[in-house]
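Chemist: Spelled out, the chains give:
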Amino acid sequence: MMMTSFVRITLKSLAASVVLFAGSGAYAGPQADAVVRVVTQHAVPAVLNFSTHINALEDSAKSDCTAGALVPAYNAGFDAWMGLQHLNIGPVEADARGLTIAFWPDKKGMIPKTLSALIADQDAAVSNADEFAHVSIAARGLFALEYMLFDDSFNAYDQGSYSCELVQAITHDLAQTADHIAGEWTREDGFAATLTTAGAVDNQRYLSETEAAQALYTMLLTGLENSAEQRIGRPLGSFEKPRPKRAEAYRSGRSARNVMLSVQAAREFVVAMAPEVPTHTLEILDEVLAKLQDLDDPTFASVDDPMGRLKIEIIAQRIEAATESIANDIGAPLGISAGFNASDGD
Amino acid sequence: MKRMMTAFAVAALPVAPALAGPAEVLTTYANIAEASYSDSLTSAQALRAAIDTLISDPSDVTLAAAKAAWIEARVPYQQTEVFRFGNPIVDDWEGKVNAWPLDEGLIDYVDAAYGGATDENEFAALNVIANPMFTLSGVDIDATDITPELIGETLHEADEVESNVASGYHAIEFLLWGQDLNGTNHGAGNRPFTDYATGDDCTNGNCDRRGAYLSAAADLLVSDLEYMAAQWGAEGEARAAVTADPKAGITAILTGMGSLSYGEQAGERMKLGVMLNDPEEEHDCFSDNTHNSHFYDGLGIRNVFVGEYVSGSGNTVSGESLQDLLAATDPAVAAELTSAIDATMSELGQIKSAAEAGFSYDQMLERGNAAGEELILSAVDALVAQTRSIERAVAVLDVDGVGIEGSDSLDDPDAVFE
Numbered sequence: 001m002m003m004t005s006f007v008r009i010t011l012k013s014l015a016a017s018v019v020l021f022a023g024s025g026a027y028a029g030p031q032a033d034a035v036v037r038v039v040t041q042h043a044v045p046a047v048l049n050f051s052t053h054i055n056a057l058e059d060s061a062k063s064d065c066t067a068g069a070l071v072p073a074y075n076a077g078f079d080a081w082m083g084l085q086h087l088n089i090g091p092v093e094a095d096a097r098g099l100t101i102a103f104w105p106d107k108k109g110m111i112p113k114t115l116s117a118l119i120a121d122q123d124a125a126v127s128n129a130d131e132f133a134h135v136s137i138a139a140r141g142l143f144a145l146e147y148m149l150f151d152d153s154f155n156a157y158d159q160g161s162y163s164c165e166l167v168q169a170i171t172h173d174l175a176q177t178a179d180h181i182a183g184e185w186t187r188e189d190g191f192a193a194t195l196t197t198a199g200a201v202d203n204q205r206y207l208s209e210t211e212a213a214q215a216l217y218t219m220l221l222t223g224l225e226n227s228a229e230q231r232i233g234r235p236l237g238s239f240e241k242p243r244p245k246r247a248e249a250y251r252s253g254r255s256a257r258n259v260m261l262s263v264q265a266a267r268e269f270v271v272a273m274a275p276e277v278p279t280h281t282l283e284i285l286d287e288v289l290a291k292l293q294d295l296d297d298p299t300f301a302s303v304d305d306p307m308g309r310l311k312i313e314i315i316a317q318r319i320e321a322a323t324e325s326i327a328n329d330i331g332a333p334l335g336i337s338a339g340f341n342a343s344d345g346d
Numbered sequence: 001m002k003r004m005m006t007a008f009a010v011a012a013l014p015v016a017p018a019l020a021g022p023a024e025v026l027t028t029y030a031n032i033a034e035a036s037y038s039d040s041l042t043s044a045q046a047l048r049a050a051i052d053t054l055i056s057d058p059s060d061v062t063l064a065a066a067k068a069a070w071i072e073a074r075v076p077y078q079q080t081e082v083f084r085f086g087n088p089i090v091d092d093w094e095g096k097v098n099a100w101p102l103d104e105g106l107i108d109y110v111d112a113a114y115g116g117a118t119d120e121n122e123f124a125a126l127n128v129i130a131n132p133m134f135t136l137s138g139v140d141i142d143a144t145d146i147t148p149e150l151i152g153e154t155l156h157e158a159d160e161v162e163s164n165v166a167s168g169y170h171a172i173e174f175l176l177w178g179q180d181l182n183g184t185n186h187g188a189g190n191r192p193f194t195d196y197a198t199g200d201d202c203t204n205g206n207c208d209r210r211g212a213y214l215s216a217a218a219d220l221l222v223s224d225l226e227y228m229a230a231q232w233g234a235e236g237e238a239r240a241a242v243t244a245d246p247k248a249g250i251t252a253i254l255t256g257m258g259s260l261s262y263g264e265q266a267g268e269r270m271k272l273g274v275m276l277n278d279p280e281e282e283h284d285c286f287s288d289n290t291h292n293s294h295f296y297d298g299l300g301i302r303n304v305f306v307g308e309y310v311s312g313s314g315n316t317v318s319g320e321s322l323q324d325l326l327a328a329t330d331p332a333v334a335a336e337l338t339s340a341i342d343a344t345m346s347e348l349g350q351i352k353s354a355a356e357a358g359f360s361y362d363q364m365l366e367r368g369n370a371a372g373e374e375l376i377l378s379a380v381d382a383l384v385a386q387t388r389s390i391e392r393a394v395a396v397l398d399v400d401g402v403g404i405e406g407s408d409s410l411d412d413p414d415a416v417f418e
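Line by line, the protein sequences give chains A and B.
Sequence positions in the first sequence follow this note's numbering and run 1 to 346.
Sequence positions in the second sequence follow this note's numbering and run 1 to 418.
What the hints contain is simulated information worked out from the structure, not anything from laboratory work.
Be aware that a few hints might be false.
[What the hints assert, rightly or not] Each computed DSS-like pair below joins lysine-lysine, with the alpha-carbon atoms no more than 30 angstroms apart:
1. A:Lys108 to B:Lys247
2. A:Lys62 to A:Lys241
3. A:Lys107 to B:Lys247
4. A:Lys108 to A:Lys245
5. A:Lys113 to A:Lys291
6. A:Lys241 to A:Lys108
Only a predicted model underlies this, so the values are computations on that prediction, with no experimental measurement involved.
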């Protein structure tokens, strides 16, 4: 019975593909302009900046892999990722690259488990980049590296040790991923072109400039939502049960910094995308940045304290308010609303 | 009700009745929900009966029969997952019956390699079956009698930890199959029937409490499904919610289709597992039934789109569909979405057929297993492409606001039903 229905499905699919692109329109207008500005002023610089800093991280690990030596390059690389991570679309989404660069939250403690297993087995994958690219994402990317550099049960390794090779393998893998992303964004027929030629007859990804504008706009809102609900929401937990150990990147003391950088990235995005100066939105985002500065709590450890907790909650609320303001300042004038996002599951 | 073939048919044959409209589409949607939850209930009752037999007469045969009943029960239930996300009544309830992944050490004995309490969950290895008395978030708990109330109200999501899954299909699955200790090799959990034996035949201790837990969990699943089937009945609140306001109802359909396709199935369930090479990231990890749970999730999306559900009894529920409505509005987008959903079903069908022919889902997750990765990521890509087509459907049906933030449907019902 199932076979029969597949035959029917296939015939219908053929018929469908004939009419697929009948509706493509010409490319022009404020949505298209907004897309071009976001691509050229925000996205492409973020992609190139990430590639630069992650390659520097790889170089640093080659010359001295030890934890103490690598921390500055690690932080610079993570900072650069925060400028790009919200653009989980096209080359970042492809092959789950975004998830590979930043596997978080690690709800089941897979990262220490997987790293420990590699180290205990002296797994040879570290000496072969192609093989390492198939290793679990729990042992790759910035969060695996955070364990290696900051966690006391991993970071006391020497030059020439297996852990040193593992760190070099992680940074090499990250650099390769960053290069793939940069290449796929910027080459002649790359993702930048895919976005900016939305609606052209041969553009099969975005059938209209509205679709391209909506795709980018969804990333802007999702990035802010993730900061409010995940980066802040996870450590907040509930009043009865705060969860400071669930803060993102608390081992490296980057939890609040990551929120700040994600809000700064959103601000840059807003300025590039807005058809006119979005005063209200910028006011809220600047207020969030000032409040984060005042909080002076790098790991959100003060979720345990009623007063600290309230301050952190307010920051999350103001980020939510910014998303509403963006709907008025950008969404409505451009005639777009957000699409589905990768956080829509539970 | 006669289903229109396409909008072109309307144009070519002006004497044909015009497409009815959103109200009829929503009636079909609610009818499919009612039928698939009713089938889920019937098959859960059969599961409960098989579990009763296992406990009263434990043997390889009665354990196998209970496992078979569980596998059957998953078929209609997975087809209901498309009603999540868009319907707050379903969202608020769903975690009781299908929460996943779970720290199964909360419930029963586990292998030493499982470890103990974790940063995330200090009760990951509580083992209620072996421990009738314990302290949970500072409260002394007497679990001498294992009842549906104890499981549902005290143990489930204990200490506000999501992975403390004490109830539902996956808790029952664990109690029937046990842990799958084969890693990414072929093979499911292999719990001996003697885990339910009496007296000296009992293996792994506390067989009476294990039986009591399994029995109470089955009772709870049945009563939870009774509740949800009723919500979609003639007087049910879930039905009323989608039929009261056609625009909100159509929004609910599309929100469910898109959120299940993208964030939930493509992301959380499929991509994450293959990227972690973690066999515990299989949706049905104890039974190795994941290929089916993915397939029937996909089929549920197709059901609500084409307005047709085929019941385990052989009956078909069908009527005016979202596909019809979309075809009348924009035939190109309707054709594209139809094609995208069919492409997804083909990809999910390949995973299912490969698994049933011997290449099990956990093998597909193995590090460096290119064929498995290809099978899974192709289905992920098809689900992502399908989501784009759903977004186009949202645009042409003029129901803006869908998925502004998927969890709106979880946190703020008013945002979805405004």
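Chemist: Now, for every hint given, state plainly whether the structure supports it.
Modeler: Checked hints:
1. Simply put, Lys108 (chain A) and Lys247 (chain B) have alpha-carbon atoms about 40 angstroms apart, too far for the 30 angstroms limit, and the pair is violated.
2. This hinted pair does not check out: Lys62 (chain A) and Lys241 (chain A) have alpha carbons roughly 43 angstroms apart, beyond 30 angstroms.
3. For a cut-off of 30 angstroms, the pair hint linking Lys107 (chain A) to Lys247 (chain B) is broken: about 37 angstroms separates their Cα positions.
4. Between Lys108 (chain A) and Lys245 (chain A), the direct Cα distance comes to roughly 13 angstroms. Compliance with the 30 angstroms bound is thereby established for this hinted pair.
5. Note on Lys113 (chain A) and Lys291 (chain A): the hinted pairing is violated, with a Cα-Cα distance of about 36 angstroms set against a maximum of 30 angstroms.
6. Only pairs whose Cα atoms come within 30 angstroms are accepted, and Lys241 (chain A) paired with Lys108 (chain A) is accepted, the gap being roughly 19 angstroms.
Checked against the numbered hints given earlier, this structure breaks hints 1, 2, 3, 5; the rest are met.
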